[in-house]
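S.K.: Sequence:
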Amino acid sequence: MSEKPVDALTESEAEAELKRLAEEIAEHDRRYHTEDAPVITDAEYDALARRNLAIEERFPALVREDSPSLRVGAAPAEGFTKVRHAVPMLSLAKAYTDDDVTDFIERGRRFFDRDKELDIAFTAEPKIDGLSASLRYENGVFVQGATRGNGAVGEDITANLKTIADIPAKLKGSGWPEIIEIRGEVYMTYAEFEALKQRSAAAGGQDYVNPRNTAAGSLRQKDPSVTASRNLKFFAYAWGYTTADPAPTQYDSVQKFAEWGFKISPLMVRAKSAEELIAHYHRIEEQRSALGYDIDGVVYKVDQLELQRRWGFVTGEPRWAVAHKFPAEQAMTTVQKIDIQVGRTGTLAPVARLAPVTVGGVVVENVTLHNEDYIKGLDSTGEPIRDGIDVRIGDTVVIQRAGDVIPQIVSVVIDKRPADAVPYEFPHTCPICGSPATREINEKTGKEDSRRRCTGELICPAQAVEGLRHFVSRGALDIEGLGAENIDTFFNAGLIKTAADIFTL
1 MSEKPVDALT
11 ESEAEAELKR
21 LAEEIAEHDR
31 RYHTEDAPVI
41 TDAEYDALAR
51 RNLAIEERFP
61 ALVREDSPSL
71 RVGAAPAEGF
81 TKVRHAVPML
91 SLAKAYTDDD
101 VTDFIERGRR
111 FFDRDKELDI
121 AFTAEPKIDG
131 LSASLRYENG
141 VFVQGATRGN
151 GAVGEDITAN
161 LKTIADIPAK
171 LKGSGWPEII
181 EIRGEVYMTY
191 AEFEALKQRS
201 AAAGGQDYVN
211 PRNTAAGSLR
221 QKDPSVTASR
231 NLKFFAYAWG
241 YTTADPAPTQ
251 YDSVQKFAEW
261 GFKISPLMVR
271 AKSAEELIAH
281 YHRIEEQRSA
291 LGYDIDGVVY
301 KVDQLELQRR
311 WGFVTGEPRW
321 AVAHKFPAEQ
331 AMTTVQKIDI
341 QVGRTGTLAP
351 VARLAPVTVG
361 GVVVENVTLH
371 NEDYIKGLDS
381 TGEPIRDGID
391 VRIGDTVVIQ
401 RAGDVIPQIV
411 SVVIDKRPAD
421 AVPYEFPHTC
431 PICGSPATRE
441 INEKTGKEDS
451 RRRCTGELIC
461 PAQAVEGLRH
471 FVSRGALDIE
481 GLGAENIDTF
491 FNAGLIKTAA
501 DIFTL
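Here the working numbering is used: the first residue of the sequence shown is 1, the next is one more, and so on.
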């Protein structure tokens, strides 16, 4: 079902839509910032945020106290001491097109128009896709490190940050302020990510989705030795509270960081015009796949710190900076087969097994097909997706890994469809226990649910095992030393069948 255009909304519709968007965006913020487990792409998230902002601009009297435009990030996770940032860690405005970048530059020139002789310069640097961190140094010594959290309050992860070789325990050289909070991005290289996946698979451990989530999860370990084993990296690119500016400009300040012992991006440049910034954006985009780590755009900032202060801030964002996002990365591959997995609630979840293909530096071999209707080319409301084209075994498909989340199929290359490819027959019985798999009527909509569920419940081994896995998981009892692989072993050996059996082991 398509959304109603903003300019066609009535006031009451706009009010309801702003409520829905506030709740939906808050949930996605929580999943991204607190759980490190996003379920939508960056592009989809940005579309929600842009719609929210467009409605607020048309109906300013309806702006909510919990509006996403007034909020940064999400509440800090439980389990770590809270740290209030002396200077908030703000988000950046987004640019999606070259015209957006030109508008950003022109806004700056108009703001400073009265200073005819003013020579505004800008910086451009890659936007690293990791976890933001703030490092407090007093008299050159690292004393505290924190996550971004909700922008105002983060989590104290000092012990874990001290295990990262790129973060100096004591600043090198001289000339650093008495107190300064160095800010930057903690990330994991593709090589380290693949090595970790292989080590985990060999040990029968968990699978890891992508480098960004893995880096974030590594920083939130209770045991710093686990963080140390992940070989995380850190790029410094900004600062928060300081008793003195590192230098008069953004560019020179970051160069100071390098003198003090930090790694900085070698792709940071100065520029004088939108044309120069855009040209550098495209140069970085061309180099993106060869960098060895995730980036999802290029950040532009006014170079002179005095001009940054004069231009100021608006609704939790600096006016003097913007993040120019890359379009979603895509690749072409083939569907080799379709498997059906059974979850703890009995949902039959189809997964396409793909010919391995590299997207954004990560090898992709599997992609979720969500449900029966999705395979047929329909969304949950019955509206066409992918131009209404179904997915078949043998099909050539285009996948994308936008925002470094679970890959998705964005289109089927119908011209490459094999002549013998037939529509996929979704099973009406559970592939594990043989019980009927039915589509229930959704009580809210009165329509048939898009998901097909096994009716076997606990007689179904798949549901029983998944239920036990959930029972001992971090989100439930969090039983130390009893992970998913142990549950499988004990279940297959007949030692446990229900949650109660766990306590008699």
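There could be a bad hint or two in this list.
Unchecked claim - In the BS3-like style, the derived pairs of lysine-lysine whose C-alpha atoms are separated by at most 27 Å in a straight line are:
| # | residue 1 | residue 2 |
| --- | --- | --- |
| 1 | Lys272 | Lys94 |
| 2 | Lys325 | Lys94 |
| 3 | Lys337 | Lys19 |
| 4 | Lys376 | Lys4 |
| 5 | Lys272 | Lys222 |
| 6 | Lys197 | Lys162 |
| 7 | Lys263 | Lys170 |
| 8 | Lys4 | Lys325 |
| 9 | Lys172 | Lys127 |
| 10 | Lys272 | Lys325 |
| 11 | Lys447 | Lys376 |
| 12 | Lys222 | Lys162 |
| 13 | Lys325 | Lys376 |
| 14 | Lys197 | Lys222 |
| 15 | Lys4 | Lys94 |
| 16 | Lys416 | Lys337 |
| 17 | Lys222 | Lys170 |
| 18 | Lys337 | Lys325 |
| 19 | Lys19 | Lys127 |
| 20 | Lys4 | Lys82 |
| 21 | Lys82 | Lys272 |
| 22 | Lys94 | Lys197 |
| 23 | Lys4 | Lys416 |
| 24 | Lys172 | Lys263 |
In short, the hints are calculated from the structure, not lab data.
All values reported here derive from a predicted model rather than from experimental measurement.
S.K.: All the hints need checking, so say for each whether the structure fits it.
M.R.: These are the hints, each one checked on the structure:
Proximity of Lys272 to Lys94 is assessed by CA-CA distance (about 20 Å); at most 27 Å being required, the pair is judged to hold. For the hint pairing Lys325 with Lys94, the CA-to-CA distance comes to about 7 Å; that is within 27 Å, so the pair holds. Taken as a hint, the Lys337 and Lys19 pair is broken in the structure, with Cα atoms around 41 Å apart against an allowance of 27 Å. For the suggested pair Lys376 and Lys4, the alpha carbons sit about 25 Å apart, so the restraint of at most 27 Å is met.
Between Lys272 and Lys222 the CA atoms are separated by roughly 46 Å; this puts the pair beyond 27 Å, and the hint is violated. This hinted pair checks out: Lys197 and Lys162 have alpha carbons roughly 24 Å apart, not beyond 27 Å. Note on Lys263 and Lys170: the hinted pairing holds, with a Cα-Cα distance of about 14 Å set against a maximum of 27 Å. Taken as a hint, the Lys4 and Lys325 pair is honoured in the structure, with Cα atoms around 26 Å apart against an allowance of 27 Å.
For a cut-off of 27 Å, the pair hint linking Lys172 to Lys127 stands: about 26 Å separates their Cα positions. About 20 Å separates the Cα atoms of Lys272 and Lys325, which keeps this hinted pair within 27 Å; it holds. Distance check on the hinted pair: Lys447 and Lys376 sit about 17 Å apart at the alpha-carbon level, within 27 Å; holds. The hinted pair formed by Lys222 and Lys162 meets the criterion: a straight-line CA distance of about 14 Å does not exceed 27 Å.
Under the criterion of a C-alpha separation no larger than 27 Å, the hint pairing Lys325 with Lys376 is inconsistent with the structure, at around 32 Å. With a C-alpha separation of about 20 Å, the suggested pair Lys197 and Lys222 falls inside the 27 Å cut-off, and the hint holds. Restraint check for Lys4 and Lys94: satisfied, since their Cα atoms lie roughly 23 Å apart, inside the 27 Å limit. At most 27 Å may separate the alpha-carbon atoms for a hinted pair to count; Lys416 and Lys337 meet this at roughly 16 Å.
For the hint pairing Lys222 with Lys170, the CA-to-CA distance comes to about 24 Å; that is within 27 Å, so the pair holds. Using a Cα cut-off of 27 Å, the hinted pair Lys337 and Lys325 is violated, with the two alpha carbons roughly 34 Å apart. Pair hint Lys19 plus Lys127 does not hold up; C-alpha atoms about 31 Å apart against a cutoff of 27 Å. Distance restraint check for Lys4 and Lys82: the Cα-Cα separation of roughly 41 Å exceeds the 27 Å cut-off, and the hinted pair is therefore not satisfied.
For the proposed pair Lys82 and Lys272, the alpha carbon gap of about 41 Å is over 27 Å, so the pair is violated. Distance restraint check for Lys94 and Lys197: the Cα-Cα separation of roughly 32 Å exceeds the 27 Å cut-off, and the hinted pair is therefore not satisfied. For the hint pairing Lys4 with Lys416, the CA-to-CA distance comes to about 35 Å; that exceeds 27 Å, so the pair is violated. Between Lys172 and Lys263 the alpha-carbon distance is near 12 Å, which keeps this suggested pair within the 27 Å criterion.
When each numbered hint is compared with the structure, violations occur for hints 3, 5, 13, 18, 19, 20, 21, 22 and 23.
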